[in-house]
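As they're listed, the protein sequences go chains G and U.
The first sequence runs 1 to 650 under my numbering.
The second sequence runs 1001 to 1650 under my numbering.
It is worth saying that the hints were derived from the structure and are not from the lab.
Check the hints yourself; a few may be wrong.
As the list claims (entries may be wrong) - Some but not every residue of chain U turned toward chain G, in silico, with C-beta under 7 Å: (1) 1296; (2) 1449; (3) 1481.
What the hints assert, rightly or not - DEER-style ranges, computed between Cβ atoms: (4) G:361 to U:1341: 17 to 27 Å; (5) G:29 to U:1087: 42 to 52 Å; (6) U:1624 to G:416: 49 to 59 Å; (7) U:1106 to G:545: 56 to 66 Å; (8) G:361 to U:1009: 24 to 34 Å.
Small disclaimer: the values here were computed from a predicted structure and weren't measured.
For every residue, glycine included, the Cβ atom is placed at its ideal position computed from N, Cα and C.
The residues making up each chain are set out below.
There are 2 protein chains.
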Amino acid sequence: MIRRFTFGNPIPTEAVVLNIEKRKAVPPIDESIAVMDGMAEIKRTVNGFIMKMRDEDIVYGLGENVRGINKRGWVYESNNSDEPKHEETRKSLYGSHNFIVIAGEKPSENYGLFIDTPGKVRFDIGYSKYDELKIEVIPADGDSEDYTSELNLDLYIIEEDTVLKTVKSFRGLVGKSYIAPKWAFGYGQSRWSYMSSDEVREVVKKHRDNHIPLDSLYLDIDYMDDFMDFTTNPDTFADFKELVEDMRKEHIHLVPIIDAGVKAKEGYKVYDEGVQNGYFCKDENGEDFLVGVWPGKCVLPDMLNDEARAWFGNWYKVLLDLGIDGFWNDMNEPALFYSEKRLKKVFDEIGEYKNKNLDVNTFFEFSELAGSIANNPEDYKSFYHNYKGQKIRHDKVHNLFGYYMTRSASEAFKRLVPDKNILMYSRSSYIGMHRYAGIWQGDNRAFWSHLLMNIQMMPSLNMCGFLYTGADLGGFGDDTTSDLMIRWLSFGIFTPLMRNHSARGTRRQEVYQFDSKSMDMMSGIISLRYRLIPYLYDAYTKACEQDEMMFRPLGMDYPSDKDARRVEDQLMIGDAIMVSPVYTQNATGRSVYIPENMTMLRFKGAELVEETSLTKGHTFIDMPLGEVCIFVREGKELKLADAGAEYVEE
Amino acid sequence: MIRRFTFGNPIPTEAVVLNIEKRKAVPPIDESIAVMDGMAEIKRTVNGFIMKMRDEDIVYGLGENVRGINKRGWVYESNNSDEPKHEETRKSLYGSHNFIVIAGEKPSENYGLFIDTPGKVRFDIGYSKYDELKIEVIPADGDSEDYTSELNLDLYIIEEDTVLKTVKSFRGLVGKSYIAPKWAFGYGQSRWSYMSSDEVREVVKKHRDNHIPLDSLYLDIDYMDDFMDFTTNPDTFADFKELVEDMRKEHIHLVPIIDAGVKAKEGYKVYDEGVQNGYFCKDENGEDFLVGVWPGKCVLPDMLNDEARAWFGNWYKVLLDLGIDGFWNDMNEPALFYSEKRLKKVFDEIGEYKNKNLDVNTFFEFSELAGSIANNPEDYKSFYHNYKGQKIRHDKVHNLFGYYMTRSASEAFKRLVPDKNILMYSRSSYIGMHRYAGIWQGDNRAFWSHLLMNIQMMPSLNMCGFLYTGADLGGFGDDTTSDLMIRWLSFGIFTPLMRNHSARGTRRQEVYQFDSKSMDMMSGIISLRYRLIPYLYDAYTKACEQDEMMFRPLGMDYPSDKDARRVEDQLMIGDAIMVSPVYTQNATGRSVYIPENMTMLRFKGAELVEETSLTKGHTFIDMPLGEVCIFVREGKELKLADAGAEYVEE
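Construct all of the structure, not just a fragment, from the sequences and the given hints.
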């Protein structure tokens, strides 16, 4: 059952595809909105909703965010952020996924909430008070603080027999997930950046020479001419078309990045056309709003404007025509290094500190100035969209920008190449975008704790419809280690997007860069991925088609099992298997909870070396580096492809 | 057996108290230095030493640093750093503790290495190559790169039957650890900062009113007059002497902070005397070197100069005379917000960016400029000490500064108040300082992973002689949560220093600031600490007197037990007990390895509620919030004090 309460006049998001009838009256402040069977009462507050949690209640959801599978004990904010740190005390990452499920100890005791609004929403899940869940809308600056009439959002309350059914019901509400092509389940290699076609050829060759399976190679920002979207570098990638063709012969798909910011440069056709047609976001005076991104001064296409969106999407044709069949959309929170206005202000302020005797207070103020330039909230209040015919300030629809940019591409693909399935994923997102593309989990770091975050984020993303997803294996920022790479690959072989990606200036982490013993382990694990693809792609497409979760916490599959409910570092994948990754350095095994009798398959690289029957309960299992253990449910079978493939077609 | 190899002319550190005879000849480059029984050969390289590790070897040590108990898989640098992030990819924290033990699977297969040099040392423990341990000296800039004659250090190789005996032998080499007074095992409350004596009284009163035990209250930088050492604020702490007396009546010890930087202000007696006598560090021209710290422009007392050190130590008398009997020395890496010279340079450079079109490269350069001001390596090369009659550039003895500052205080206490045992601990340290004081584990953050770091750092610090130690419970930086506070206290009750400390601007985390259910849990746990003090103080003093470790990894106590060797999140404490803390959010229990038959004592707060016999092996144990489980070894007993004490004397 889905109930819909519409407060005020919500800005439409197009997250939802079902037209659920609105409740006629919405309750006033301090009054009850709903009482769930055996659960808490949801009450309306001045700026949102409040409910009690019992000690045993688990809160699932929020898609892409920090912390565990159970989101209790922190305060999260839906505020799409260019956030390369991913520290456990952050509140927002790149996406806003306002869906949670509160699950009691009885399987039937659960309910889901979806807060549909493109503005900021705060979820205080037992942070201020241990037993209280408080959802608050953070008003855009200048909005009335009088919420009695101004709480503008759709609240959906979803109740089904079990958590899984509640999720399925929600997913039905927001529509079918994007299905990626099968080749996108191959292993991908990326780096910020491969600097030339020679380097691209070299990286591919080293994979093939070393028999490291590979299906895709990613082009980060340096393939472009001066970081201009839909261009290629005339010097370093002069043979771009030939490169795409040669790579295709090697069964490699090149996947270029597309950025949200368009270089403000006369003579650059994307810019000129956009200016001519008024397709860029405007400042308060109606001038194109100038921001700094990769190429320096840029403008932002108004992705929320239907016409501008169609126009921007058409530009992907340039690359489609060159034989490209996969893209990743980046910097679309949108990330702003600076705005023209802010930069000037900061330079002026810095001048004022020049001759001071900087003590604790003034020094910290001064240090923070530079940090305040990028992604400044004030800048998000300084430009405007033309959304459904209305001029609307960016901060009020901030969380939709990445969604609509990606939709721009996806809708264009349907027009331009209706018979092709193009790979598309985005950094920023909102629920609804899952119908158009996947996401990657952003700029994580080479931290063991970020491997755990990757594990814990999979089910919450699946809940919100994002099924084609994965994290940068090995870690994007900071220097990785060979053992972290091995362990991360050992989990990454299960995620739909399996990509090794790292940042400029960090240790090289292509598999062949490590000592030969480590390389062999990594290569063997990647080969196992290829054996798993039939099972994984099947589980993935089935989850997409049937509005289900491919990755699930044990508590969802075994809701009556108290021990299973508390497991935060094992996952069910598809209908047959469970995984239990090692995510701590120097561990040679780990404690595993077996929720029902299972068969453990132990692989050394791609080779199955042992089958063991395990009985329900807690157990400790040796898992040395280079070995992968997969737990198969009773009565189920894990179908494996033959070993030896070096790309998906094979 | 301890072997000593002296390379070149090492700068003395006074880390060692035994005079071990030097080997007559040291081996040339690429030659073997030593071959250990059943273990690897240590070879000399151009700039250090290299040895192989087998898969099963564990590397213990390095005192205060990031990552696990087993240090394999990362590269660490001894380079005392003001490091408030403590990320897992950092290489240095506040102390330099160049002692490691490589332990094979057979208990007899182990050896220890101590690299005694006050400069930078890099420990690449399987980072570059998985099976290689490489120790490299990083030369001070301008030193000859010709290491054949210039590797200036003492290498000590220590070999005994077991790891514990190797550690004990090393500890004999470096001398007995400082013993803190018993009251310093009471619970301490701190905050940057309690701003007035009224606030101090209020905080104490709230503890007493709520029956939260408390023995000490910490004064961070704001008790001073304009952050000047050895002054008290004439407005906010006008009644300082009376405050100390009143607190003493309440059985509360006030513990003020002392900073390394002395405000450069004429008329401030510490400054004037230092200038007059030439006691401050000088720049290359012999002028006092000006740096920015809390009060703005400061000078640094030359702690390495015997006379200056004695003089600075005498200043503690000002506070001793007011009844103070405990101190913490801070910012003594030394932390430099800026140097006069650098700040000028940065302001000039910022000017140059003002009119550029900042793209990816120039924008990042610009952003990094502000970050480059504090603790800049160039600044550490710009001032000089007078050490044992020699003018010596700071970077060559950098890692000794905190040690010698703290020694300055400790030596003064022996002269000024020979009959009193003064509490003293420091942020920065080098091995040798453990004879004079303890350390706290610096500016951690309210991260669950930092609770684990606290657990894992205890034994490595103990190895290096630092026995009076603990971390900021609840986390110093960032906002804590009630459950993190409860879990951190549940471990903190075992650490000699048990202090709740947090930074300006973060959530208040005094126990009474939380909801009443959480407060009761915290208060109960602190009460349990007081019941444990007889056992803990006994174990602590015994470890100090007998050169042993109070906190030990399981692998040291059960060296033949392969499972025990791999445990990274349980510790043996004293001779009777083991602990197994919960360090993940929303966990209600955890897997525990029981290395021998044990009795588990379950406490609800201070009250013993259950005794359970456990047999050797892996097991899962429920540990709900507010409960503490202590595991007692067979044939041992945990003596508990009666419940109810609210301060140590009681």
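Now the hints, each set against the structure:
no., hint, result
1, 1296, "holds (4 Å)"
2, 1449, "holds (5 Å)"
3, 1481, "holds (5 Å)"
4, G:361 to U:1341: 17 to 27 Å, "holds (22 Å)"
5, G:29 to U:1087: 42 to 52 Å, "holds (43 Å)"
6, U:1624 to G:416: 49 to 59 Å, "holds (58 Å)"
7, U:1106 to G:545: 56 to 66 Å, "holds (57 Å)"
8, G:361 to U:1009: 24 to 34 Å, "violated (45 Å)"
In terms of the numbered hints stated before, the structure departs from hint 8 and from no other.
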